[in-house]
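Let's have the full structure, built from the sequences with the hints guiding it.
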Amino acid sequence: MYEHDVIVVGAGGAGLRAAIAAQEEGADVAIVSKLHPVRSHTGAAEGGINAALREGDSWQDHAYDTMKGSDYLGDAPAIETLCQDSPEEVIQLEHWGMAFSRDDDGRVSQRPFGGLSFPRTTYAGAETGHQLLHTMYEQLVKRGVTVYDEWYVSDLAVTDESRPEDRTCHGVVAYDIQTGELSGFRATEGVVLATGGPGQVFDHTTNAVANTGDGVAMAYRAGVPMEDMEFIQFHPTTLPSTGVLITEGVRGEGGILYNADGERFMFEHGYANNDGELASRDVVSRAELTEVNEGRGIDDEYVHLDMRHLGENRIVDRLENIVHLSKDFEGVNPLEEPMPVKPGQHYAMGGIETDENGETCVGGLYAAGECACASVHGSNRLGGNALPELIVFGKRAGQHAAGKDLGAAEIETGQRGEYELGEVDAPVEPGEVEPAGDAVADGGVAADAGTVDGHDVVERAIERERRRIRALMDREEGVQHAEIRSDVQETMTRNVNVFREEEGLKRALEDIAEARERYGDVFVKDPSRTFNTDLIQTIETRNILDLAEAITLGALARKEFRGAHWRAEAQERDDDEWLKHTMLSWNDGSPELWYKPVILEGENKTYEPKIRSY
Amino acid sequence: MSTHVPEPDTETEEETTVEQEEPLAPAREERLREKGEARADREERERVDAEKRASDDDTVRLKVFRFDPEVEGKQEPRFDDFHVPFEQGMTVLDALIHARDTFDSSLTFRHSCRQAICGSDAFFINGRQRLGCKTQLSDLEEPVRVEPLPHAEVEKDLVVDMEHFYEQMESIEPYFDADELPDGELEEQRQTRENREKVKMSTRCIWCAACMSSCNIAAGNNDYLGPAAINKAYRFAMDEREGESRKQHRLNVLEQENGVWRCQTQFSCTEVCPKDIPLTEHIQELKREAVKNNLKFW
Numbered sequence: 001m002y003e004h005d006v007i008v009v010g011a012g013g014a015g016l017r018a019a020i021a022a023q024e025e026g027a028d029v030a031i032v033s034k035l036h037p038v039r040s041h042t043g044a045a046e047g048g049i050n051a052a053l054r055e056g057d058s059w060q061d062h063a064y065d066t067m068k069g070s071d072y073l074g075d076a077p078a079i080e081t082l083c084q085d086s087p088e089e090v091i092q093l094e095h096w097g098m099a100f101s102r103d104d105d106g107r108v109s110q111r112p113f114g115g116l117s118f119p120r121t122t123y124a125g126a127e128t129g130h131q132l133l134h135t136m137y138e139q140l141v142k143r144g145v146t147v148y149d150e151w152y153v154s155d156l157a158v159t160d161e162s163r164p165e166d167r168t169c170h171g172v173v174a175y176d177i178q179t180g181e182l183s184g185f186r187a188t189e190g191v192v193l194a195t196g197g198p199g200q201v202f203d204h205t206t207n208a209v210a211n212t213g214d215g216v217a218m219a220y221r222a223g224v225p226m227e228d229m230e231f232i233q234f235h236p237t238t239l240p241s242t243g244v245l246i247t248e249g250v251r252g253e254g255g256i257l258y259n260a261d262g263e264r265f266m267f268e269h270g271y272a273n274n275d276g277e278l279a280s281r282d283v284v285s286r287a288e289l290t291e292v293n294e295g296r297g298i299d300d301e302y303v304h305l306d307m308r309h310l311g312e313n314r315i316v317d318r319l320e321n322i323v324h325l326s327k328d329f330e331g332v333n334p335l336e337e338p339m340p341v342k343p344g345q346h347y348a349m350g351g352i353e354t355d356e357n358g359e360t361c362v363g364g365l366y367a368a369g370e371c372a373c374a375s376v377h378g379s380n381r382l383g384g385n386a387l388p389e390l391i392v393f394g395k396r397a398g399q400h401a402a403g404k405d406l407g408a409a410e411i412e413t414g415q416r417g418e419y420e421l422g423e424v425d426a427p428v429e430p431g432e433v434e435p436a437g438d439a440v441a442d443g444g445v446a447a448d449a450g451t452v453d454g455h456d457v458v459e460r461a462i463e464r465e466r467r468r469i470r471a472l473m474d475r476e477e478g479v480q481h482a483e484i485r486s487d488v489q490e491t492m493t494r495n496v497n498v499f500r501e502e503e504g505l506k507r508a509l510e511d512i513a514e515a516r517e518r519y520g521d522v523f524v525k526d527p528s529r530t531f532n533t534d535l536i537q538t539i540e541t542r543n544i545l546d547l548a549e550a551i552t553l554g555a556l557a558r559k560e561f562r563g564a565h566w567r568a569e570a571q572e573r574d575d576d577e578w579l580k581h582t583m584l585s586w587n588d589g590s591p592e593l594w595y596k597p598v599i600l601e602g603e604n605k606t607y608e609p610k611i612r613s614y
Numbered sequence: 001m002s003t004h005v006p007e008p009d010t011e012t013e014e015e016t017t018v019e020q021e022e023p024l025a026p027a028r029e030e031r032l033r034e035k036g037e038a039r040a041d042r043e044e045r046e047r048v049d050a051e052k053r054a055s056d057d058d059t060v061r062l063k064v065f066r067f068d069p070e071v072e073g074k075q076e077p078r079f080d081d082f083h084v085p086f087e088q089g090m091t092v093l094d095a096l097i098h099a100r101d102t103f104d105s106s107l108t109f110r111h112s113c114r115q116a117i118c119g120s121d122a123f124f125i126n127g128r129q130r131l132g133c134k135t136q137l138s139d140l141e142e143p144v145r146v147e148p149l150p151h152a153e154v155e156k157d158l159v160v161d162m163e164h165f166y167e168q169m170e171s172i173e174p175y176f177d178a179d180e181l182p183d184g185e186l187e188e189q190r191q192t193r194e195n196r197e198k199v200k201m202s203t204r205c206i207w208c209a210a211c212m213s214s215c216n217i218a219a220g221n222n223d224y225l226g227p228a229a230i231n232k233a234y235r236f237a238m239d240e241r242e243g244e245s246r247k248q249h250r251l252n253v254l255e256q257e258n259g260v261w262r263c264q265t266q267f268s269c270t271e272v273c274p275k276d277i278p279l280t281e282h283i284q285e286l287k288r289e290a291v292k293n294n295l296k297f298w
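Line order of the protein sequences matches chains A and B.
Anchor point for the first sequence: position 82 equals 82 in our numbering, and the numbering is continuous, going up by one each time.
Anchor point for the second sequence: position 138 equals 138 in our numbering, and the numbering is continuous, going up by one each time.
No lab work stands behind these hints: they were computed from the structure.
Incorrect hints may appear among the rest.
[To be verified] For lysine-lysine, the following DSS-like pairs were computed, each having C-alpha atoms within a straight-line distance of at most 30 angstroms:
#  : chain 1 : residue 1 : chain 2 : residue 2
1  : B       : K247      : A       : K142
2  : A       : K610      : A       : K559
3  : B       : K63       : A       : K327
4  : B       : K287      : B       : K200
5  : B       : K63       : B       : K134
6  : A       : K559      : A       : K525
7  : B       : K247      : B       : K198
8  : A       : K580      : A       : K605
9  : A       : K610      : A       : K580
10 : A       : K142      : B       : K63
11 : A       : K525      : B       : K74
12 : A       : K327      : B       : K134
13 : B       : K287      : B       : K247
14 : A       : K142      : B       : K287
15 : A       : K142      : B       : K198
16 : A       : K525      : B       : K247
17 : B       : K198      : A       : K327
18 : B       : K74       : A       : K142
19 : A       : K525      : B       : K134
20 : B       : K74       : B       : K63
21 : A       : K559      : A       : K506
22 : A       : K142      : B       : K292
23 : B       : K200      : A       : K327
24 : A       : K580      : A       : K506
25 : B       : K134      : B       : K200
26 : B       : K287      : B       : K198
27 : A       : K142      : A       : K404
28 : B       : K200      : B       : K292
29 : B       : K134      : B       : K198
[Claimed, not checked] What follows is a list of derived Cβ distance ranges for each label pair:
#  : chain 1 : residue 1 : chain 2 : residue 2 : range
30 : A       : E312      : B       : Q284      : 23 to 31 angstroms
31 : B       : E194      : A       : T146      : 38 to 46 angstroms
32 : B       : A178      : A       : H269      : 50 to 58 angstroms
33 : B       : R61       : A       : R518      : 29 to 37 angstroms
34 : B       : D183      : A       : R466      : 49 to 57 angstroms
35 : B       : D161      : A       : E601      : 37 to 45 angstroms
C-beta atoms are modelled at their ideal positions from N, C-alpha and C, and glycine is treated no differently.
And the structure:
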């Protein structure tokens, strides 16, 4: 068993920032990650980092834009923390040598982004995430932080008191992908989950193959609620054949969307009469699909994004990476012709419930970045707000885990404050298909009651994981994970997409339940202990099942249209009924739906919900 | 065979294959030649695409290297054939994923982002280091031969041990270290647009190790820093914000016996780099820096 003060799971932007912050607080910290840090999906982020750095801008304006973008489902304490801390964190990156694009006076450049009242998106070409990830990894190397790379964390070591709010996390269990060794990692101070998004729940996604929502699923089964899972962002400009992202920066710099009739539909069909292409992402995605559904799409599938009028110099200076991506992955040279684009799954607004210090309701367990829900983005994230979330909340989670006093959080986690139980008319019983035995080894059954010694809690978790892996490996025949995974992705993309209706959501729940049933017979064909990706993907598929179900349950329960969540049966935002967060607790295999109110009271003001128009 | 499989009972790292050396070419000509090739590649791709669409037998034959040190039948390296249905725009990575998910779930390779930024899937494809995700099947002759990166130890199938590559990257102190930072709240260091442009290409490295694998010098000498690490050093050496003491220290590392002077300007690294980084030029420029640095102390 390995032992450190703080264990960080995942090595993208949030994980690296958390590790650096924890070490600066004096903790012995280690990162455990299924990918080497520079392989993390933060590297694919293109657009930029929102920060109020300049004369004429303020964190208050950034907060207002973010709250409006969230369609009033973000929590003010989290949003204000993000907007207050982002400027110093961006300057910190600059001090660490990050290669930002520069203005003529040598200061970092900023550009306009969708839903922003000021051009505050700080960027490095169209490869901001790559520059950010590598800059932070360099600083990690400088500090000599221990990294266990290509170790797959498959479960958390959490005690099993009946109320999740009374439980404590003592570490994680991880599988060394290179050797097949299973080991415990005890964390004497805290565990920070920074495992990224769940894009692989869908089949047309900008996310990496590694983005399987592992941290969210593990925390969920250990008792931490998932928050606002139904809110999935579909980015309006992804390449049709692969899902590769074309940054919002193209529109920020002046790129224009056209339908098959050559109409600039954002204006000509009245989707966003003021902001046009730079309306919020949910608005633009719906507009594109409406165009396609009404017969004005190209090849009945996509629309065109044209940036030729910007001129080659400006494109190469600020968006060079887009030229490469479009050529390499769609065969289109955007200097010569418009790029085909359509909406694709891009980001999960929801995730592991945390407060503004990154802490969950389970003691010693933290989460930051896309896997977490503080909540900053509410029902819709603004472009340029994901990267500051990584560094602001990664840092806070790392500091807090290492023992720094950040003051009491205003956001309450777990069923501790005001909350109400909810109901959903699901066609099938969600959750575990049968009482968890060794066969399907439920990751959430915790150690015996009364166990207090952290070491023992980790030991028991190792034993449980050993049984689970043995069961998967010993089975000689059955179903393979790839089949189950692709069935789930297909039903999610068909039924839980940009436009959602009750019948489709129910069908998706039935499909997911059937997939769960078949997962009971899943087997790993590759017998090897060396680099057994068959085994890793089989475990990931279990996580995909839990997340797909949570997203769909939330979508079925929420009968209103808010932000990224559109319902055929309820075409209005309903603040009287739905100004609240959707919470889902695993509840030992029988998921429980509940709600907690949104916090609109900020430091000095209350954000009054207004009609959201662009 | 160019792939290096660990021998159970020997510790020698001797390489048996030395590839044909490329004739030297000045950097400019090199780039022009590559541009011409890229255009020819595109035309060729369109032609082959059309042919493939027209043919009835729409499958591509892959020959994939297989090895697993502990699974019977795979301990002896071999090639497996996979016939994958061809779709327009399909990459080598797409084909490998199809083969794994449809035919053999034990087929093992690293991959993640599918868009040439995570640097996980550099393979030896039809005799050249390329990223699987960025290589169109239609650009390749059949059968498409996919092997692990040469000059690295194979762990299993297409997965090689990256430790040595990471060690070299980290040996050049790959981190920014300013002498002093500007005072004042939210005060940033200034950098000219020209200077940012100067380091831009060098910052695009995705650590895929294609360059290291293609380099004859690195193949014969494990201590050579290699193109990627030297390029990383260049990224800081040329950055006007970097602190002088760290710059000096890093230059000392580069000047050692296994630093920049080992490079014989064969351009193989520059040719295979999937991010078009002019690696050889960067190494040459650092050689000049090293000379200037020595003169300074005379």
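Legend entry - Agreement of B/K287 and B/K198 with the hint, judged by alpha carbon distance not exceeding 30 angstroms: With a Cα-Cα distance of about 17 angstroms, the restraint between B/K287 and B/K198 holds, given a limit of 30 angstroms.
Inset, instruction - For the pair we were handed, B/K247 and A/K142, check the Cα-Cα distance against 30 angstroms. - result: holds (15 angstroms)
Inset, instruction - Starting from A/K142, check that the Cα of B/K63 is at most 30 angstroms away, please. - result: violated (42 angstroms)
Inset, instruction - For the pair supplied as a hint, B/K134 and B/K200, confirm whether the alpha-carbon distance does not exceed 30 angstroms. - result: holds (21 angstroms)
Inset, instruction - Below or equal to 30 angstroms on CA atoms is what counts here, so check B/K200 against B/K292. - result: holds (23 angstroms)
Legend entry - Pair hint outcome, A/K142 versus A/K404 [Cα-Cα no greater than 30 angstroms]: holds (22 angstroms)
Legend entry - 30 angstroms Cα cutoff - pair A/K327, B/K134: Roughly 10 angstroms between the alpha carbons, so the hint for A/K327 and B/K134 holds.
Legend entry - Restraint check for A/K610 with A/K559, where alpha carbons must lie at most 30 angstroms apart: Answer holds: A/K610 to A/K559 is near 19 angstroms, not above 30 angstroms.
Legend entry - 38 to 46 angstroms as the expected CB spacing between A/T146 and B/E194, which holds or is violated: Given about 39 angstroms between the Cβ atoms, the range holds.
Legend entry - Distance restraint hint 37 to 45 angstroms, applied to the beta-carbon atoms of B/D161 and A/E601: violated (55 angstroms)
Legend entry - Given pair status - B/K292, A/K142, alpha carbons within 30 angstroms: holds (27 angstroms)
Legend entry - B/K247 paired with B/K198 [C-alpha distance capped at 30 angstroms]: Within the cut-off at roughly 16 angstroms; holds.
Violated hints, in rising order: 6, 10, 16, 18 and 35; the structure is consistent with all others.
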